[in-house]
Structure formats: C-alpha cells, structure tokens
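J.: So the sequence lines, in the order shown, correspond to chains A and B. Mapped onto my numbering, the consecutive letters of the first sequence carry residue numbers 4 to 325. Mapped onto my numbering, the consecutive letters of the second sequence carry residue numbers 4 to 325.
Think of the hints as simulated: they come from the structure by calculation, not from any bench. Accuracy of the hints is not assured; some may be wrong.
If several chains are the same, the list does not tell them apart, and a pair holds so long as it fits within one copy or across any two.
As the list claims (entries may be wrong) - 30 angstroms max Cα-Cα, derived BS3-like pairs, lysine-lysine:
no., residue 1, residue 2
1, K196, K130
2, K99, K251
3, K6, K288
4, K181, K155
5, K251, K146
6, K177, K99
7, K311, K288
8, K44, K251
9, K244, K130
10, K155, K196
11, K146, K177
12, K288, K62
13, K251, K130
14, K288, K181
15, K6, K316
16, K311, K6
17, K288, K196
18, K99, K209
19, K6, K181
20, K209, K6
21, K6, K309
Protein chains: 2
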Amino acid sequence: MVKISEFELIEKINRAFPNHDKNVIGIGDDAAVISIPDKKKELITTDTMINGVHFLSEKADFEKLGFKSMAVNISDIAAMGGYPLYALLTLGISDKINDSQIDGLLRGINNIRNEFPFELIGGDIVKSDVFFISITMIGEPFKNPIMRSGAKENDFIYVSGTIGDSGIGLAIEKEIIKYDILTPAFFLERHYKPSPRVDLIEYLTKNHSIHSCIDISDGLLQDLGHISEMSGIGFELEIEKIPISRDKIGSLVLSDERYFLEFGLSGGEDYELIFTSPEAVALPKAMPLVTQIGRMTGNSAVLRYKGKEISPKELKKGFTHF
Amino acid sequence: MVKISEFELIEKINRAFPNHDKNVIGIGDDAAVISIPDKKKELITTDTMINGVHFLSEKADFEKLGFKSMAVNISDIAAMGGYPLYALLTLGISDKINDSQIDGLLRGINNIRNEFPFELIGGDIVKSDVFFISITMIGEPFKNPIMRSGAKENDFIYVSGTIGDSGIGLAIEKEIIKYDILTPAFFLERHYKPSPRVDLIEYLTKNHSIHSCIDISDGLLQDLGHISEMSGIGFELEIEKIPISRDKIGSLVLSDERYFLEFGLSGGEDYELIFTSPEAVALPKAMPLVTQIGRMTGNSAVLRYKGKEISPKELKKGFTHF
Chain A
4 MVKISEFELI EKINRAFPNH DKNVIGIGDD AAVISIPDKK KELITTDTMI
54 NGVHFLSEKA DFEKLGFKSM AVNISDIAAM GGYPLYALLT LGISDKINDS
104 QIDGLLRGIN NIRNEFPFEL IGGDIVKSDV FFISITMIGE PFKNPIMRSG
154 AKENDFIYVS GTIGDSGIGL AIEKEIIKYD ILTPAFFLER HYKPSPRVDL
204 IEYLTKNHSI HSCIDISDGL LQDLGHISEM SGIGFELEIE KIPISRDKIG
254 SLVLSDERYF LEFGLSGGED YELIFTSPEA VALPKAMPLV TQIGRMTGNS
304 AVLRYKGKEI SPKELKKGFT HF
Chain B
4 MVKISEFELI EKINRAFPNH DKNVIGIGDD AAVISIPDKK KELITTDTMI
54 NGVHFLSEKA DFEKLGFKSM AVNISDIAAM GGYPLYALLT LGISDKINDS
104 QIDGLLRGIN NIRNEFPFEL IGGDIVKSDV FFISITMIGE PFKNPIMRSG
154 AKENDFIYVS GTIGDSGIGL AIEKEIIKYD ILTPAFFLER HYKPSPRVDL
204 IEYLTKNHSI HSCIDISDGL LQDLGHISEM SGIGFELEIE KIPISRDKIG
254 SLVLSDERYF LEFGLSGGED YELIFTSPEA VALPKAMPLV TQIGRMTGNS
304 AVLRYKGKEI SPKELKKGFT HF
C-alpha cells in the first residue's frame, strides 16, 4: 500500500526530477511547455508495462523496472535515428504497491537519466486495480528520421550487439532453460537492463547511409519482417551469422547451437537495432559490435542455416526441430 | 472479450484515423514524426481513465467514454491557451471488453475530432487485467502559454459556462441527488460530454490580457486554489455569483440554493475555465457565458456568501451546513 497521497507523490517526483532546461515548463500546470528552437522534426513514442503481463510486482526489482520502462522508449527513439529529450510518466497505483517500490522505480528512472539525459516534464498519477507504468517519450533525430520503410534492394542487413540474450535471461528466470549457462547473471542483466543504442545510431547516421532501422522488441525475425513488409522488399538471412553470446553461454552451445540460435531468431526484448545500409559499415572500437546477417533482396523471406534453405513455414515449428 | 488481434486492432485504429497532415508520419513505425514549422512553443499533457475508478465498463457508453477521454486532454491544452494538434492513444485491453465497445470508443474519438481536429499519430495496445484509456495530447498556444502562476493582485476572476453541472449529473447517475431535477438529461450530458473551451481561449488571448488560467477538473474552489497558490496571492470569492444552471435545475433551487452552490464550489469535472484578467471581459454573443466571481487579492482565500464571510475551515464541513 502506497501511504503517501497522490499530491505528495507528485511532489516527490517533482523533487526527484528537477528541470535543468530553462526553456521548459514541466510538472505543475495543465500541460507542459517545451520549446523547439530551430528544429523541424520531432519523434514521439509511448510504451506501457503492466503488472501481470510485462512483469510481476511481487518478484520485480522496481529499480530495474524504472530503468527498463524508460529504456524501451529510448530504444524506440534510437530506432528512428534520434535521442531522447522529454518524458511523461503515468503511474497506475494499486493497493499492492508500497512506497519503497515507488522509490525504487524513481531511482531506476534517475539512473537511466545519467546515461541518457532527458527531462521529465509531466505525467499522471491515477488509482488503478492493476499497477502499470506508461511512458511517453519525445526526442529528435540526429539527422533525418530513419523509417522502417526505407530498405532498398541489395542493402546489407546489420544487427547491433548480441541477439537472444534477453530471451535466454527470461528463460533462466522462468527456469525453463534447457542447459546450465556459464554466466546466467549476464543474461538476466541483459533482460532487465537493455542498452538503448543512441550512441551507435548517432555514429551511423553521421558516417553512413542508413536506409532503414527498427529495434528488436518482438524478436529479430518478426522485426526484420516489419522492415521487409514496410519497404515492400524481401530478404535473405543467414541464421548462423546471428551474433549469439557464445562465450557467455559456454561450451554447451557447440553441441546444441540451434537451441540458442532460436532465441536469437525469436527471443525478443533485446532492444538492439536492426538496420540496413548499402555500405560496408565499419565502426570505431568504442562502439558496440555490429554484425552483417544478410541482404535485402527478392520478394520473400529466405532463411538459410549453413547454406541450407529453411522455409518460414518449417521454421514456425521451431528451429530446434531441424 | 475482444476477438480481433492486437495487430488487427492497430490496423483498425489506423484506418479509422488516417493522417491528413502530410508533414506527419503517424502510426506504424517505432515512433511518430511531427514537424513544427516556425513554431517555438509546444504544449503536452497526458490523462488516463481507468475502469472501476473513472467509469464502470458494464454501465459506460463507450462512445461517450471515447469522447470524454479526449475532451479532458483538449481541455488541459485549452487551459494553457492552446489548441490540440496530435494525440497518442494507449489502450489497456482486458477480457471484459468486447469488440463493439472498442468500436464505440473509436466512434467517440472520431466525433470529437469533428469539433476539434487533431491527428492520432500513435499509441500502444497492451493486455491488462483492468481496462484503461491513456491519452497524450500535443498542442500549441494561440499566442503565449497561459500559466496557473500568472495571476496578479486585483485581477478579476472569471469562469466560463455554468459550474457544478457535471457533479449534479454524476449525483443523478448515482441516484444520490436530493431533489427532482427539471432537466436531468442536461446534467448527464454535461457530465459525459464536456465542452473544451478552445474557441473561448482563442478569443480571450487575442482580445484581452489573460494573466492565468486553469480548467475545472477537481472543483472550482480547489482549482482556483491552484492558481492562488502558484501565483503566491490570495483571492476573494463571492459564492452566490457562481453561475449554476438555475433554469435547468428548476424552482427547487430557490428553496435550497446552497445545496446546488456546493456542486458549483466542489463538484469537479466541469472542464470549464477559470481565468484571471485585469480587464472587464466582454464577449461576442457566439461565445460561451463568462461570469466574474471574485478578485485576486490579499494572502489568503476569503469566501463570502451574500456578504457574509465563511472560513475555508467552516466550508470543509460542507456549504449546506451554514
């Protein structure tokens, strides 16, 4: 049970997130006021996480929950080629939630602001039978917005970081993972603390021609499908090229690689970027790993594992069945 | 139970709200893209309505719910001196909700767009144990944003329309009203279909000096208190001047005026405007009624009923007890 009143909670949030930007009028009026000096484009996204669906309040670490709720929105902004500026925070407060959980949540939000500075300019606090967190995030593109629909014939398909980590982390958490993992903490961390790729997209947009981009929330195959569908063009994906965290999984992967590649294909919630470019992308050392996993081409999805073609229909039965 | 899938629902929303603004990229990517040509200020607000708290899904007319969910956000934008441009719609879909309720909701949203054109540019559809509607609304000021904090010594205090109607409507709905009301339908309509005062605030900002403004959501006394507190100045309110809907209540009001004035003081959800100005405000006939109800002055709240001063402490016991 949250003991402080709605008014006190708003005051607490107000104190926890003082506005640094003098051009902004934040929490406390009917609406927030922002100024967009000389900028022509603005990015807006919203994402909601609900108790019982996206997390379980009895088990969840609220500091990580606060971090992740903002991270997934920042990731959407990054996937459009931008960086975050402003956020609105709406909390549905249920009787099951207590003050220390709320404090943890606000700490987590403050933690991610240290990495990705943005101003919290408003929101809403409401009573609800179910606890939820709803964020609206506003950002601006480093250059032009990068759409899902921009992929062209012969573009290389790249992914950032390692893929499937979050899904493996969730499987460890749920105790449904088939193998003993060498470093389980790594995968749990990857599930709870995604790293929005703002720095990477800044470098890419400033140094390369990036035709399309999306972040991996539903799973690599599904999200690549969104690029394909919206660009009106097919793709060829070499499944064995998907960068899974081999060294963190341990030597077991050698005996059942396909089990782990399936997390890479369909795991979801990696919040890494899939992007396409006609160029060979080379990155400085400080940047995250980027791996080419295929090409945009043809009219349909062609999937290959070590040269052998696999129909999407077959894949639906699960990659491990091959 | 909603039978269509999340994907189909997004498609349905997409079809129901096609983008007319060529500069906008709406639903379908990681984030929406808007262009702010030559505009320097932007207004942003968010408001959430939850089943069991703000309405009861078994009893609610979902068309009115869709209308009202947008109306309260538009009212916030109007209270800042602006008009709406863009909205994001987040729906938490529970098993209790069915397809025809969703259709009604979207109809209601479309209805209010006929009166106040705005683009629906994004949102989120999530499963939830409790049905809720969360809106983020973006607008821009006709001139400058009008803050709660701008009231000055000797400003006249004005309210738009009639006050307390929504509270009377709710009391009729809940069957806790003490009297037979002459036209109950009027009050129910006022509760379910608030009229955001966008036209009024446009006229006022263009023709008068408006120092401060707020919309009535919590109740006249409480919302006037926000202006007072944030402006660091007191006020004198003549309670009998509050424009209650005498002719719609009927002759009963003559015998128990204070019972109805209490709805005017504390009823809430009127979504009329309270504003302060140093000027005598005169309006053309097409505009809603505007009534002067007091002055900003001193350091504290002074309430008078027909010349007799009433302390806020006394008022807490209920105005009808005097």
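J.: Next step is simple, just say for each hint if it's right about the structure.
T.: Each hint, compared with the structure:
no., hint, in the structure
1, K196 to K130, "both (27 angstroms within a copy, 22 angstroms between copies)"
2, K99 to K251, "neither (37 angstroms within a copy, 44 angstroms between copies)"
3, K6 to K288, "neither (49 angstroms within a copy, 50 angstroms between copies)"
4, K181 to K155, "neither (39 angstroms within a copy, 69 angstroms between copies)"
5, K251 to K146, "neither (36 angstroms within a copy, 58 angstroms between copies)"
6, K177 to K99, "both (22 angstroms within a copy, 28 angstroms between copies)"
7, K311 to K288, "neither (33 angstroms within a copy, 77 angstroms between copies)"
8, K44 to K251, "neither (41 angstroms within a copy, 49 angstroms between copies)"
9, K244 to K130, "neither (48 angstroms within a copy, 34 angstroms between copies)"
10, K155 to K196, "neither (33 angstroms within a copy, 48 angstroms between copies)"
11, K146 to K177, "neither (41 angstroms within a copy, 55 angstroms between copies)"
12, K288 to K62, "neither (37 angstroms within a copy, 61 angstroms between copies)"
13, K251 to K130, "neither (42 angstroms within a copy, 33 angstroms between copies)"
14, K288 to K181, "neither (34 angstroms within a copy, 75 angstroms between copies)"
15, K6 to K316, "between (53 angstroms within a copy, 25 angstroms between copies)"
16, K311 to K6, "neither (61 angstroms within a copy, 39 angstroms between copies)"
17, K288 to K196, "within (22 angstroms within a copy, 59 angstroms between copies)"
18, K99 to K209, "neither (47 angstroms within a copy, 49 angstroms between copies)"
19, K6 to K181, "neither (43 angstroms within a copy, 34 angstroms between copies)"
20, K209 to K6, "neither (49 angstroms within a copy, 45 angstroms between copies)"
21, K6 to K309, "neither (59 angstroms within a copy, 40 angstroms between copies)"
Hint compliance for this structure: hints 2, 3, 4, 5, 7, 8, 9, 10, 11, 12, 13, 14, 16, 18, 19, 20, 21 are not met, and every other hint is.
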